[in-house]
Each structure stands twice: as structure tokens, then as C-alpha cells.
Amino acid sequence: MQKIYEAELSFLEACLKVNPKSYGSWHHRGWVSARLPRPDWARELSLCDRCLSLDDRNFHCWDYRRMVVKVSGVPVDQELEFSDRLIGSNFSNYSSWHYRSTLLPVLHPQTRQEPPHASSPRGPQSHRVCEEQLLKEYELVQNAFFTDPNDQSAWFYYRWLLGRAEREETISCVYVSREDERVAVAFSRPINARCVGLLLVLDGQPLRVEWRSVHPRFRHSPVLICDLPPGTINDVTNEHNLTVHWTGNHTHRDCALYTGRVESWCRDTATDQELFRSELSVEKTSVLQSELQSVKQLQELEPLNKWCLLTIILLMRALDPLGYEKETLAHFQTLKEVDSMRSEYYSDLCCKFMIENTILKMEYAEVRVFSITDRNLTSLCHLDQLLLVTHINLSSNRLQRLPPQFAMLQCLEVLEADNNFLENLEGVYHLPRLQEVSLKNNKISTLTDLQPLASCPELKRLDLRGNPVTQAASVESDLAELLPSVTDLLL
Amino acid sequence: MAAEDLPSEFDVVILGTGLAESVVAAACSRVGQRVLHLDRRSYYAANWASFTFNALLTWIQEQQEGPQPEQGKDWSSLLNDGEELIHLSNPDLDSITNIQVVSYASEEDEEVPDTAKEETSANSQLEVESAGSREEKSAEEESAEAEGTNTKGEETEVDQSHPGASSGPSEPTRKKISYAQLVKEGRRFNIDLVSKLLFSRGSLVDLLIRSNVSRYTEFKNVTRILTYRHGNLQQVPCSRADVFASRQLSVVEKRKLMRFLTSCIEETEMDHAYSSQPYSKYLQDQQLGENLQHFLLHSIAMVTEDTPTEAGLASTRHFLRSLGRYGNSPFLFPVYGLGEIPQCFCRMSAVFGGIYCLRHSVSCLIVDRDANRCKAVIDSRGQRISCSHFVVEDGYLGSRSSVTTPTRLLSRAILITDSSVLPGDSEQQVSMVTIPPGEVCQSAVKMVELCSSTMTCMPGTYLVHLTCQSVGSAFEDLSQLVTKMFQTPESQEPGGRPTVLWSLYFNMADGSVPGVEGQGLPSNVHVCSGPEGSLDHEHSIKQAELIFQRILPEEEFCPPAPNPEDIIYDGESPTPSAEEDSGKEAGQQEESGGDLNPQLDE
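Those protein sequences? They're chains A and B, same order as listed. Read in our numbering, the first sequence has 160 at position 160, and its numbers run on one by one without any break. For our numbering, add 1000 to where a residue sits in the second sequence, where the first one is 1.
Keep in mind the hints are simulated off the structure, nothing from the lab. Just so you know, not all the hints are guaranteed correct.
Computed footprint of chain B on chain A, listed as stretches where at least three residues anywhere in the stretch have a Cβ under 8 angstroms from a Cβ of chain B [unchecked claim]:
hint, region
1, 89-98
2, 147-154
3, 298-306
Glycine residues also receive a C-beta, built at the ideal position from the N, C-alpha and C atoms.
Can you make the complete structure from the sequences, with help from the hints?
In C-alpha cells form, the structure reads like this:
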């Protein structure tokens, strides 16, 4: 048997010499190797090494090699040396960098430090690397991008190093409204309303409720809502204790609704979680600071290098998002000029960062007003963080739509979005407390565009001045029919 | 065979088997010329030769003994009317001088040698085989202290109780190599008389590829470029991967170096602004920092402080263009030594009908007085052989050339050492080392360290070639550097440096001295110069091409040779066989066997 298979292996080796990128040959080789009574894994590894030395981006070979390593149990540190070697011979090969990023968390896992606010154990495998190793990696990758700053592999790896781990899965906010008899729950990641095991306990009694996402357009959502059975909490004189259990993750969050209060919430804020900052411990942020210094040094040498600029932005965000806001914006401006092909990407990224900053500012100020005006905003994100916002002002930006996610703003009372390019209001959907909407000087042209507003029961005031729709005949009567609750209509 | 006469008519007679002569021979045969290629010596490649250790010892002896007396025969009987003779001389008369051998290896295969053996002999007093004849010299007493430490180092190898007093990291396990071993394993050495490398995009590599001569030999990449600075050896980062991996450069230096290297490939306006200024000034103004300037000037451009910018940039570009073609450095080295290359061309010539004789010379040229052309030659056996062109190594013209031109010399040192000057992760490193002028020696020294996988030295040893322009004798020029970089009994402080087992110093005539063309020589006599001091082969290849164009202005220089399968053999060919010398290289030329008369399939 051994002989037959070995003959097959040498035949396959000959085949691979002719076509080293044949799916069939590699797959068959894997099949044969797995059945070989006495496999010679060292030989297979050396075959892979030879193939990779001829073409270090032969992904078929990479795949096969991973299989061999897994089956033959090559120690991880040896594999790390292998990646050292490949990177040493050609650091433009992202395959080797990526392979490294899968090895490091295994070899040098982050030591488990329970953050004080964590309410649940972490997942089984941290995808992060311990700090000490992380610093060594910074140095290695820095050598690469200083040597060739136009090579993207090193920069991508650097971004991975600077990136944050996936957040642990928690319930970040529970909000309860007495008047609407509604509970809204925000999670650290979008979840499926149907599949997730959520249990609502009211005053010690489990309640049967139906969880749903805020908008019918998506089933996965970081914010889920449910309506309580009528009459359960509407008496202001009663105090209620509410607990949401996320059974799948063994986490829960309590929320108390005191006497005389119409609403209540319990949450971790973005500032509590340091959501938009680096993960390094405080002592080691000095390292990030010196990273920033050296990348800035590179930028002095290569003022128009896009990777360098982008990395400076990322480092600044990791260090102090608010403190570096002005510089960040200036760098984005340069980026859009030097890399005009991707200017829209930079615009969106810039929006994201500005929204993050605005969230931080709002939370430091401990208000429920979110205002970001005149910033050339092109898109909205992090809307799950705005669950408690009552007033939002998005005026004088370049928004074209309020996306379905906008419906997560469950507490919203006043929406101002003047002077944008809005033509789609899909996200203004079933917002129970929305009373005022100002949409002056936008691109709303038909009544159907305004249809979503009809789902907001409390809407009283609507300003549509400067929109094409106002030119239509009988618009007033049509609107009265569509939005009977509106008493104050400006056209 | 030897008694047989050669054919009496050829198109081209070539005397000397150096590189340029061999290339001309190959080029002429290739286009159908009848070529007779002779060398007075018993080996191929003249001063380009590579020797086994034992052959080198014989060569040294021959050089010491001087030439055999010429029998001043009178060939005037072979002359016709209107003809006169030009006598040729012995090529080895002047080209090699100041030979000095210093052996440090212990004589016997002893475990604790009592004293390091030193043999120093001046010109023509050489005693290589001087077993037992230990000279009690004052020099030995002087170095007694240093030897003391040396012996101590050897003792620690025996009892390994107190660790490494003076030996390198891998030393304790290795046994000292004795002189007897060097002789016994002598066949594993291929010691070059000249030390050169091939630029991956140099004219020699191009020629080897174009002419298909490359099929006769193999090459190894030089694996690293080193430089000697402030008494330390440093690796010169020249490729992208080197720069990335370098530990001596700061990241900012890395960026600056890479930027300079990428930008200088393209010519810019800036370059012209510096056209009258030295390259070192140009580098200074690039804000590169001292470290990088040193690398660029001495190791990459390999020029001196006062080389003009244009020349400096040109050689930098040449270096950079060669980088990455075959590997991580711009240089190639032929496996089995440089002597292979002239032989490869000879072989190509023989395949296309060239006739080869070693130990066979030309004693005089017969010149037509009126036309001032060489009509024929008289070989060392007194046969008159007519030819339309005569190509000769300048050494055979002897006194003729040296009268008018001042002789410039190269200083050479050849060392056999026991470890690498800079131990790396791999033992098999081929290193090119530049030692800038003023560091130790007056002139810039180029050093090439070969490992055993180049098939030029026995396993466990390294072969080190040093070359510089002479100021004094080779020993005067280079021994100080050797003492500094290697462990010899003369070394002052012990340190983990490689130990020199055996060394040879000699001076060689510098072939870059302007040629002797037109010095009253007939117009169809073409002179090839011997090896010169530069690292590359450009000089000889250009010279060969020039000579070929003068001989055959209409013909293509070394067009690709056809595949052996495409050659039709003419079985009826009546031409007499090539004269094979029974010398040691005979095996190399077997394809020229007489009844093979290859023709192009057209």
C-alpha cells in the first residue's frame, strides 16, 4: 500500500513541476498524504518550501502546507521562524505576514486581564497578542515600511497590530420606557432577533415577549426591541426591576425603573469601554507615542505617502481621538488629494471618526443631544451608540439618506437634518417619541419618500421647505392624508 | 602525437590562453575561422588560471626558478625575401614578482602543536617542502608572546574545561587543520591567481549567455557584501531584503538609503549639476549620513573619494542593475574558480574546430617588410605556420612593452583560513569585502572570501583573496591587513578571528596599463593585456570584442551556438585532428577530437 501511494506522490510531484498551481494536483496530494500508512511529513514540508521559494504567493501550496503542518503537528514556534524567513526574503508577501498574524496569538497570547467593567468571561480564544510581543512586531513591521513605504503588505499587518480585538459579547445597554411599555436592548454586536436566547425577567417573573429588530429591512441588529404586555409597567407609582438575560452568552443586565420615572436605562458607555482607543495599557501607550513619532518621521521624508498618512491617522486615534482631531482632519484632506481614486473611502472613514468623536464629546458632557453639523458627513455609523439620544442635529452635511439603522434611535424626539442631499428617509421608522422633523433644503421629491414618517405616531411638526416635493400640486392635502398627526407643517 | 606537425596554414594564430585571447578564439572559430590556439605554459588560462593546492605549489616553484634558458636558434633560414623576424619572449618573466609564502598550519596532524611553523622566503629562495627545517628567526622570537596565546587557545580545545580563550564560537569542536592535510586534500582547492567577480548584468555574463558558453560552467551567487569600517566588519545592505533585515541601520537611514537607491537608477537634472564635482560630495549633499555614504561610496559604487560624480553614479547604477538578477547580490562566482571561464571559451572554440596546444609557443613572427603585416609565425619546434592574424598575450612581447610604459602592479594575497571573517547563520557564505583606502592600507583593498561550496577549497576552510594596487610589495601592502583581520602569530590581541593556515603574497602586472598597440608591431598583430585590478571583467571582454572586430569587421561577435542536437557531423571530413596536448586539462577539450567537424545546420 505504502508503495502505491508513494508512487502516486512522486507522480504528483512531477505534475506540480509542470503546473504548480493546479487545484487538482494539490488536492489529490492531500488526499494521498492523508492515507499514506507511514507519511513522510518532512518531505512534504520541504516540497512546500521549494514551491514557495519559487513562487511565494502560491496559495495552493500555502493551503497544502497548512494541512501538512496541522496533521504533522509542527510546533508553532518553528512555524513562526518559517514566517520570519519568508518575510526576510521578501517582505512584500502578505501571505507570510498573514500567516504570522495567525501564529502569534497562539504562541504569545494576550494575558487575560479582566477589565473592571467586564461582566462576563471572555471567549475561549483571544485573538490578541501579548504586549511584549506586540512591541517587537511593531519594530519588525516598521523596518519593512521604512524600507519600502509603498508596499502595502507591511502596512496592512501594522493595521492588524494596531487594531482592537473583537469586543467581548455583552449587553451594552438596556432601556425601558414606561409610557410606550417598551424595552430596547443594545448589544456589542448585531444579533438575530429570532435565534438569540433572550429572556426578560420583570420583578422576578419571566415574561413572554417578542423581540424584533428596529427595522424590517434587517434581522440582525445590535439593537432589539420588545413591547411588554399592556398594563405591566404603566403605573407611575410602581417600581419595577427588569433583567435581560442573554442565555447563550451567560450574561445579563439589570435595569431598575423607579417610582415616578417615565423611563430608565443601564449601560456601558463608549467612554467606559474606551471603544475608540488603543488596547495597550497606559504605561505602554508611550510606545504608541514613539510609534507615532517615527511614522511622522517617515512622513517628513515621504510627505505624500498615503499609507503613511493613513497610519498616522490610525495611531492618533488609538492614542487620543479628541486631542488629535484637527490634525486628523488635515491629514484626511491631504489623503483625498494624493489618492483621489479612493477619496470617497477616505470621506467615509473620516465621517466614522468624526461621529466617534462626537459620541465621545456627548458622553463626556453627559447629554442626550447629538450634534454634528457642517462637517461634510457622507454616511452615518455607530447608530447603535445613539440609542438614548433625544435630539439629533445633522444639518449642513452631504447625507443622501437616513439608513434603516437610523431606527435604532428609539428615544429620538427632535430630528434636524437641514441642508443635506436627503432623498430617502427609510430609517425614520417607528420612532415612538419623534415629534419634530426639520428637513429644509433637501432633495425629497415625492410623497413616497415621506412614507416612513407615517409610522411615527407622535410626529407633530414637519419642515419641508426647500424640497422639490413642495412644488407638487395638492401636496398639502396629500400630506395631511399621509401624516394626520402633523399639526405644524412648513412647506 | 607530439611529434606530428601542425597544419601549416591558419586564419588566426593565438598565443596565450588568458580571458581575452580565449574569447577571441571562441569568437573566431564560431564564425568559421581556422584557429590555432597555443600556450607556452602547461596549463590553460595564463594568469587567469586556477590551481589545486599542489599545482599552486608547483607554480610557485616554477616562478621562483625563473624561465628556462631560451635557445637562441636562428630561424633566418625559414625567411623569404622581404621578410624579417620579431622574436617573442617568455611570458612569465615580468608578470609575477615578489612571491612570498607564509604557512602557519602545523606540519603534522598533531593535537597540540609545539610551535606554529613559519616559513618565510623571499623571492627565489622558497622552501615550501621544508619539513623539519625550522628556521630560528628573530621574527619568531618577536612573535613568541603572540604565539603563546595561540598555543593556549589550542590547549583549550583539548581540555575544554575553561572555555574559549581565543577561539571562535564553533571552534572547540573543530580540529586544527594541518599542513599535511592541506596537501592531502590539495585537489579540493581551486586557487585563482586573479580575484574577480562577475556582475550579473556585466558584459561577461551577457557574453556567456549570448554565446551559449554558459552551458559549460556553473555559478554561485555572492551571498553578502561586507565592508571594513572603524576596525569592524559590517554587512552592507544593498538589496531591499538586506535593508529590511539590517540591524545596524535606523529606520530613517533605511528609508534614506532605499530612496537614494531607487532614485539614482534614473538620471536626473541634479546629476548634471554635480558633473564636475566628486561623487563623495554628491553623496554628502544627499543628506545620507556618514554610515550610508560609506556604504555607497566604498561598497556599492566601489570608487574613491575623488571619483567624479558621473563615474560614481554610473558604477552605482551598474551595481544596482545587476542586483536581483540571480539573487540577493549583484555578483556571481564560477564554481571551481575563475580559471574555468577562459577554459569554457577555449572549449567553445575547440567545438567549432579550434586546434589547441599547450606547452607549445611561437618563437618569432615573420613580417612582410613592405606591407608591415605578419605573414606567418615560427612555432617553438621550428615549423613555419602562415596566418592572416596573430593575437598575443602582452607578456610574450616582454621587453617590448615595458620599455615605454611604466609597469603598474597589483598586490595579491591568497589565504587559506579556518573560519569566516564574519560568521553568519550559514557557513556557506561567499563574501565580497571592501576595505576603503586609509582604513589599514594605503590603497583600497578588495577581498573575496570563498566557502567550500564554491569548490575552491576543502570543507572546513575558507579561501580568501585580497587585491589592491601596489604601493610596495604585496607583503608590505597586505600583511598588515591580514594581521588585523585574521589570527596569525603576529596578531597582537587574541580575538575570535579566523586563523590563517597558509598564505601567499605576490605582485602581478596590472593589465589595465594602456596597451602596446602600434609600438612598431605589424597591423595584424593584436595584443591582449593580462588581468587588471578591477573587480569585473569588462576590460578583457571589451578588448576581445575590439580585436575580433578588427580581424573580422563584418562578422557577428559570438552569436548563439546551436544546440548539440542541431549540429550535423560530416563523417567524411578529411581534416586532420586537433592536436591535443596531453597536459592535465586534456579531458576538458575532448569534444575537439579530430573527426568531429561541426557545421551549422542551415
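Status of each hint after checking the structure:
1. Look at the region 89-98 of chain A against chain B: 3 of its residues bring a Cβ nearer than 8 angstroms to a Cβ of that chain, three or more, so the hint holds.
2. Look at the region 147-154 of chain A against chain B: 3 of its residues bring a Cβ nearer than 8 angstroms to a Cβ of that chain, three or more, so the hint holds.
3. A count of 3 residues in the region 298-306 of chain A with a Cβ less than 8 angstroms from any Cβ of chain B is obtained; the coverage claim is therefore met, three being the minimum.
Of the numbered hints listed earlier, not one is contradicted by the structure.
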